[in-house]
Amino acid sequence: MENLLEVHNQILHTRRRKVKSSVSRPPAPPLRPSARKATAAKAAPAAKSPRPPAAADAPRKGDLNGNALAALREMIVSGELAPGQRLNERQLCEQLAISRTPVREALKALTQEGLLQAHPNRSPVVAPLDAADTRDLIQVVSAIEALAGELAAASVSEAQVAELGILHYTMLAHHARQEMSGYFAANKAFHRRIVEYAGNPVLLWVWDLLSLRVDRARYASNQWPERWQEATAEHARILELFTARDAAGVGQAMREHVRKGLSVVVASLPAPPTA
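Quick note on numbering: the UniProt record's numbering labels position 115 of the sequence shown as 115, and the sequence is numbered without any gaps.
Simulated from the structure, these hints should not be mistaken for lab results. Cβ atoms here follow ideal geometry from the backbone N, Cα and C, with glycine treated the same way. Be aware that one or more of the hints could be misleading.
Quick list of simulated restraints, FRET-style, between CB atoms [as the list claims (entries may be wrong)]:
id: 1; residue 1: Gly199; residue 2: Gln91; range: 36 to 46 angstroms
id: 2; residue 1: Arg104; residue 2: Gln252; range: 42 to 52 angstroms
id: 3; residue 1: Glu89; residue 2: Ala154; range: 24 to 34 angstroms
id: 4; residue 1: Glu158; residue 2: Ala236; range: 13 to 23 angstroms
id: 5; residue 1: Ala162; residue 2: Gly66; range: 28 to 38 angstroms
id: 6; residue 1: Ala132; residue 2: Ala176; range: 18 to 28 angstroms
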């Protein structure tokens, strides 16, 4: 009997040990936010410091020269810098918020283009519009644009005609608001597109070269409200002829359009002195 009790007690003791060892420990309390951040900081690799901006992000010398040239050319074409006006380099630098070197390079380029006149030991002067020179330009530019119109109308696509239409209605919108600068930009794009559509790179090269000299006269022609109104009607007629693929009609309309516009300017200029 005593042996049985002893065996029974041993069995109970063994069971208590198994139960005690099988009980799992309670889960650890969650880490506080600050502790989680510290733990993550240890595990995560160190972040690289941001790199300084690349040198290419800074304005380049060529960009500054080009910006100064475009700005000064526009000021001459629009008449903001009037014919005969002597230019002050320092004032131009302040006005354009740019250093002297780009302005100086731009003045040299504008002199080569014929928009400025250089004088020894003196500041350059805005070249005056010359009646004889403008008359010569009328003959050449009207012939170029007439030829370009004929070539373009013979092969123009629907998409290209649509683009001319967009430019025409853009001009109408600027005309309605009396926005001369916006109208001039759309007008120049309209004429250049026609020369592009001719498909003759030499023709386009010559037109681009002459446009540097004819732009002032073209801009000035819109100073007369009657002529400006006539020009919009002439553009509408040119667009109609392109839609009809009337090559001969486009050529003739382009020739007359150029002659009428520039002839108004010639008539307003003083006659050259006679010998």
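Violating hint indices (sorted, rising): 3, 6
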